[in-house]
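Colleague: Starting from the structure of chain A, add chain B where the hints point.
Here is how the chains run, residue by residue.
Protein chains: 2
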Amino acid sequence: MSVVKQKTDQAVQILNELDIDLWLTYVRKTSEVHDPALYFLLEDRWLTWQSAIIISKQGHKVVICGRYDAANIEASGIYDRVLTYDQSIKEDLLAVLDEIKPKNIAINYSFDNIAADGLTHGMWLRLNKMLENTDYSDKLISSENLLAALRGRKTELELERIRKAVDFSELGHKKVSATAKIGMSEEEIEVMLLEFTKEHNLTVSYPPLVHVGPSTQIGHGKASPDIKMKKGDLITVDYGVFYEGYASDLQRLNYILQDGEDIPPTEVRRAFETCFKAISIGAEMLKPGVLGWEVDYAARKVITDAGYKEFMHALGHQIGRNVHDGGCLLGPKWEKYGQSVMYKVEEGQAFTLELHVYVENHGFCSIEEDVVVTKDGCEFLSDRQMELTLLQL
Amino acid sequence: MSVVKQKTDQAVQILNELDIDLWLTYVRKTSEVHDPALYFLLEDRWLTWQSAIIISKQGHKVVICGRYDAANIEASGIYDRVLTYDQSIKEDLLAVLDEIKPKNIAINYSFDNIAADGLTHGMWLRLNKMLENTDYSDKLISSENLLAALRGRKTELELERIRKAVDFSELGHKKVSATAKIGMSEEEIEVMLLEFTKEHNLTVSYPPLVHVGPSTQIGHGKASPDIKMKKGDLITVDYGVFYEGYASDLQRLNYILQDGEDIPPTEVRRAFETCFKAISIGAEMLKPGVLGWEVDYAARKVITDAGYKEFMHALGHQIGRNVHDGGCLLGPKWEKYGQSVMYKVEEGQAFTLELHVYVENHGFCSIEEDVVVTKDGCEFLSDRQMELTLLQL
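Residue numbers (this note's numbering), protein chains in the order written: chain A, 12 to 404; chain B, 12 to 404.
Treat the hints loosely; a few may be bogus.
Copies of the same chain look alike in the list, so a pair counts if it works inside one copy or between any two.
List of simulated lysine-lysine pairs, DSS-like, C-alpha gap at most 25 Å [as the list claims (entries may be wrong)]: (1) LYS112 x LYS386; (2) LYS114 x LYS320; (3) LYS242 x LYS192; (4) LYS288 x LYS72; (5) LYS209 x LYS175; (6) LYS150 x LYS140; (7) LYS355 x LYS288; (8) LYS233 x LYS298; (9) LYS101 x LYS150.
In short, the hints are calculated from the structure, not lab data.
Isolated chain A (complex conformation) (with noise of 0.2 Å):
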């Protein structure tokens, strides 16, 4: 059974569980803007012309297209009908509503959850007009808790590619510790890693993020050609891939002795322990029903409590088809986080811990894993980095 036909399954249980009649994802040229949701809706090729896809609570699963795109989506069989149009799709759309007459329509817009706002604009505009004097017009509702719902839960088929993702990232982090030597940029770790995942045919979930020694630049700047690895340095990488289609989003740390040292400096060692710490409290805290922003909040003051500034991010973030899932997640009550910190943490939902404090003098001390939500905690994805990786250059 394909991913597609698990999610369309569930995206019916979902739609009696919120008791919503009808998700309509309306879309056109998928190449040019893609809505998230056509993840869960349709097998890889893309869709040209106008499109609908529609799912019922009572289980119709309906598509709508231009009469070139029909082929594919009959082949694929998860769809029980497939209507095709030349000139304007309004006339069909309307008849498949008449035929089900939904009481509130599901539409992909969200205030806070990216994952569930692939509707644009112009495309409101345009579903707007066309149900102008039906019976539908002041029906649209956001599809966002369902998305939530949808993208959050994972299956078994999901979760086994998300496991192989993270596998694969580990494999990367070990090349790294494997082939670091003194005088190695920053930038020849990420060409490093772009070629290993390459030469596997596979695709980095992001740009890999390599920062070492004290004088690296934070956050998503690119890897330097002219900061290199020497003696006290902190090597933090962040290297995720997709594994057909799913994400891993992975962070190691590595330390170089300086001469004379078989482990680090205090300083250092007590950043990777509150670290790895708070990491703990936080998946410790993880589990259905506890709130995105009381996870964040008891990992986030392990650092501030250990007298560390605060970091500027969420504790986690959910993966997927995504290295950044949308729907819940695990950060403070800031403006730009909106409500996606307030959503209730469900099993199945696999995701981020990560966080930093920053050493003076050897850099950036970064860790992140990556967890499933369990029935009654969580699980970790990745085989945890327990301790600092020690090299001896």
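Modeller: This is chain B only, laid out in the frame that chain A set:
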């Protein structure tokens, strides 16, 4: 000079021409939903948090983005100022607006032009909420005319890339003619083209379409493993690539001679000549100032006057950063095409010219060329297919 630098400069010029004070591209998590306007505003890497990219008529170029995204944008040297925030974008955005005091603000939504419709409805709601009770709440307009001009008017650097993409497509088509053999399936040709593309470190600009003989599935259907070449078949292949981000889109037509034939049967020759003539008439019509539908109409009439069934798509779409580049379309006045066929053609726009007829017992007869609009006409970017490629297999 980079394409992005050229395009942001061109944007300032177009803002003056259209008397728009400010262009605002407002995005978030661009790996999830990617506003196509970003192709012209940023180098390759993506934005994580809510970001505003502002270009003014007076020449201001400002980005407001999350702290961790700033480094790459600063490094590009294209923007005068890169402002960063941790918690909310609102304050900086309003401060920049107060500085420029625009009488109108173009944002990326459009009823008809998909390439100018990258603002999601959720982001539209967010923007309106931020502007509530400010001087700018009633100043929002669509950027569709701006983006149609910006995407349409290719710079020399852009045209150079399209030419290279076209050249590469032609190589692929030659390879198909050279390797075709009796019994080879549609799918084998598709796989061959995908491998050929990959070997050269390029990507296809759309999945190649392969049509063999009379039983092929017309349209964007998947190439079949079961439909195999036999004598008397027309073989149509539609194959385009991206070269440094710019697309080609080209079809070529082969005919497999039957035993004893040295030219194709009359009905096949007549089909090719009719398609060829229709493309010629379209190309003759295509010049600055003509309306999109007028060009389509002239070519379409050649086909229907010859007694063939009308092709159910537009004669030509623009190519550029995408294989369907939006803005002016050379298409019929069908509802789904909206206003796009009412635009005037402009110098510097690159178009496909494509149409087909079906030949009973032989298959799909389709030609597609790529052209660029010049000062007083158009020029073929592709080495035009002047006659059927005859295969003796």
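Colleague: A separate judgement is required for each hint: does it hold in the structure or not?
Modeller: Verification of the supplied hints:
1. LYS112 x LYS386: Neither: 37 Å inside a chain and 54 Å across chains, both beyond 25 Å.
2. LYS114 x LYS320: Neither way: LYS114 and LYS320 sit 50 Å apart in one copy and 42 Å across, limit 25 Å.
3. LYS242 x LYS192: within (10 Å within a copy, 62 Å between copies)
4. LYS288 x LYS72: Neither. Shortest intra-copy (47 Å) and inter-copy (43 Å) distances fail the 25 Å Cα cut-off.
5. LYS209 x LYS175: both (16 Å within a copy, 24 Å between copies)
6. LYS150 x LYS140: both (13 Å within a copy, 22 Å between copies)
7. LYS355 x LYS288: within (23 Å within a copy, 64 Å between copies)
8. LYS233 x LYS298: Classified as neither: same-chain Cα gap 35 Å, cross-chain 43 Å, threshold 25 Å.
9. LYS101 x LYS150: Within. Shortest intra-copy distance 17 Å satisfies the 25 Å Cα cut-off; inter-copy 31 Å does not.
The structure fails hints 1, 2, 4, 8 (numbered hints given earlier, in ascending order).
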